[in-house]
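Novice: Take the sequences, apply the hints, and build the full model.
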Amino acid sequence: MNDVRLNSILDNDFYKITMQNAVVKLFPSSIVKYEFINRGKHHFPEGFDVALREAVNKMAELKLTKDEKKFMARTCPYIDLPYLDFLEGYHYDPSEVKIHQEGGDLSVIVEGLWYRTILWEVPLLALISELHYEMNHMERDSNEVVMSKTIEKADSLGRLGVTFAEFGTRRRHSYKVQNLVMEALTQKKDSTFIGSSNVHFAMKYGVKPIGTHAHEWFMFHAAEYGFKMANELALEHWVDVYRGDLGVALSDTYTTDVFFQQFDKKFAKLFDGVRHDSGDALEFADKTIAHYQKNGINPMFKYIIFSDALNLEKVEEITKLLQRKNWYFIRNRNQPYQ
Numbered sequence: 001m002n003d004v005r006l007n008s009i010l011d012n013d014f015y016k017i018t019m020q021n022a023v024v025k026l027f028p029s030s031i032v033k034y035e036f037i038n039r040g041k042h043h044f045p046e047g048f049d050v051a052l053r054e055a056v057n058k059m060a061e062l063k064l065t066k067d068e069k070k071f072m073a074r075t076c077p078y079i080d081l082p083y084l085d086f087l088e089g090y091h092y093d094p095s096e097v098k099i100h101q102e103g104g105d106l107s108v109i110v111e112g113l114w115y116r117t118i119l120w121e122v123p124l125l126a127l128i129s130e131l132h133y134e135m136n137h138m139e140r141d142s143n144e145v146v147m148s149k150t151i152e153k154a155d156s157l158g159r160l161g162v163t164f165a166e167f168g169t170r171r172r173h174s175y176k177v178q179n180l181v182m183e184a185l186t187q188k189k190d191s192t193f194i195g196s197s198n199v200h201f202a203m204k205y206g207v208k209p210i211g212t213h214a215h216e217w218f219m220f221h222a223a224e225y226g227f228k229m230a231n232e233l234a235l236e237h238w239v240d241v242y243r244g245d246l247g248v249a250l251s252d253t254y255t256t257d258v259f260f261q262q263f264d265k266k267f268a269k270l271f272d273g274v275r276h277d278s279g280d281a282l283e284f285a286d287k288t289i290a291h292y293q294k295n296g297i298n299p300m301f302k303y304i305i306f307s308d309a310l311n312l313e314k315v316e317e318i319t320k321l322l323q324r325k326n327w328y329f330i331r332n333r334n335q336p337y338q
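Residue numbers (the UniProt record's numbering): 1 to 338.
The set of hints was computed from the structure by calculation and includes no laboratory data. For clarity, every value in this text was computed on a predicted model and none was experimentally measured. One or more of the hints may lead you astray.
[As the list claims (entries may be wrong)] Have a look at the derived ranges for each label pair, beta carbon to beta carbon:
| hint | residue 1 | residue 2 | range |
| --- | --- | --- | --- |
| 1 | E35 | F227 | 27 to 33 angstroms |
| 2 | H215 | S95 | 23 to 29 angstroms |
| 3 | I109 | Q323 | 41 to 47 angstroms |
| 4 | R159 | G206 | 23 to 29 angstroms |
| 5 | K314 | D93 | 20 to 26 angstroms |
| 6 | Y78 | N38 | 33 to 39 angstroms |
| 7 | G206 | Y78 | 18 to 24 angstroms |
| 8 | S95 | F301 | 44 to 50 angstroms |
| 9 | M229 | N298 | 28 to 34 angstroms |
[Claimed, not checked] Derived pair list, reagent style DSS-like, types lysine-lysine, alpha-carbon separation capped at 30 angstroms:
| hint | residue 1 | residue 2 |
| --- | --- | --- |
| 10 | K98 | K58 |
| 11 | K188 | K208 |
| 12 | K69 | K188 |
| 13 | K208 | K58 |
| 14 | K66 | K208 |
| 15 | K41 | K25 |
| 16 | K204 | K153 |
| 17 | K302 | K208 |
| 18 | K204 | K265 |
| 19 | K25 | K153 |
| 20 | K25 | K266 |
| 21 | K269 | K188 |
| 22 | K204 | K58 |
| 23 | K204 | K189 |
| 24 | K70 | K204 |
| 25 | K69 | K25 |
| 26 | K228 | K302 |
| 27 | K320 | K302 |
| 28 | K98 | K149 |
| 29 | K266 | K228 |
| 30 | K265 | K25 |
| 31 | K266 | K189 |
| 32 | K208 | K228 |
| 33 | K149 | K66 |
Note that beta-carbon positions come from the ideal geometry of N, C-alpha and C, so glycine has one too.
Specialist: Below, the structure is given as structure tokens:
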């Protein structure tokens, strides 16, 4: 028996909620498949699959509480009541998750209706990460050190004038450590911290849930309509659902150059900005500014969110470039917590 478990159905990235809302409306009969990729080639100890299965089975007990529903309705007016009613009746179905272990290798596959399975990915990755640290008996910094490091990093970002959000759920050391990070980030009144991608922690600490859509939104459109139409239709369908809200477009699913070919004047005006998640950040900033200017749009009224494995050195470098161009809004996706 292990005590690793999720305690809230909202312990998830916000963009999973926003995408599920769109999927329920537009693609209620689509079947999808997710597969865990062990990018770091980590070795999983004997019995890991059993511990993960136990944690997954516990997720069937989660449901949206009345207070959570009220928080969503109050904080996210662009998400309508019918979807919140749906989410209130939703529960995880552990039979959608297949787990297998062969030696130190772990296989996790999720398959089923997209609107039902879309919420699994982030909690599964968080559980895998937490169990990996626990079952390998890997030590972490003390609570005091975690909080002091977080405050130090937030202070550095504040001195740069950088606005940032916490995006650490899928790679977190544990729920407890992410909670410490959030506690530290919300202590200071003059912080440039604006919110968290984790809806549960956003609610707990009274900050804004942050997120729009993920790569899977564009990947589905490529599978359904073909790669040439993927970006355009993904953006069009997003606008159909949110009508101008949640207006940050992810730019790198099928390369930035292809994205900008389809991110025409219409979308460039409709969307508030774009998110950079791979490749050279400075080159992307130049391309983005040039694209807006080419379409007769003042870049000062748009923004870029940088979310590609940033550290303080990268943030400082990007900030200096954008300050020279009079662009100031940058958001940092946190690294995995150690």
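Novice: Take the hints in turn and mark each one as holding or not.
Specialist: Now the hints, each set against the structure:
no. : hint                               : in the structure
1   : E35 with F227: 27 to 33 angstroms  : violated, 20 angstroms
2   : H215 with S95: 23 to 29 angstroms  : holds, 26 angstroms
3   : I109 with Q323: 41 to 47 angstroms : holds, 46 angstroms
4   : R159 with G206: 23 to 29 angstroms : holds, 24 angstroms
5   : K314 with D93: 20 to 26 angstroms  : violated, 40 angstroms
6   : Y78 with N38: 33 to 39 angstroms   : holds, 36 angstroms
7   : G206 with Y78: 18 to 24 angstroms  : holds, 20 angstroms
8   : S95 with F301: 44 to 50 angstroms  : holds, 48 angstroms
9   : M229 with N298: 28 to 34 angstroms : holds, 29 angstroms
10  : K98 with K58                       : holds, 15 angstroms
11  : K188 with K208                     : holds, 16 angstroms
12  : K69 with K188                      : holds, 28 angstroms
13  : K208 with K58                      : holds, 28 angstroms
14  : K66 with K208                      : holds, 19 angstroms
15  : K41 with K25                       : violated, 38 angstroms
16  : K204 with K153                     : holds, 22 angstroms
17  : K302 with K208                     : holds, 20 angstroms
18  : K204 with K265                     : violated, 39 angstroms
19  : K25 with K153                      : violated, 40 angstroms
20  : K25 with K266                      : holds, 23 angstroms
21  : K269 with K188                     : violated, 35 angstroms
22  : K204 with K58                      : holds, 22 angstroms
23  : K204 with K189                     : holds, 17 angstroms
24  : K70 with K204                      : holds, 13 angstroms
25  : K69 with K25                       : holds, 19 angstroms
26  : K228 with K302                     : holds, 26 angstroms
27  : K320 with K302                     : holds, 18 angstroms
28  : K98 with K149                      : violated, 38 angstroms
29  : K266 with K228                     : holds, 18 angstroms
30  : K265 with K25                      : holds, 27 angstroms
31  : K266 with K189                     : violated, 39 angstroms
32  : K208 with K228                     : violated, 35 angstroms
33  : K149 with K66                      : violated, 35 angstroms
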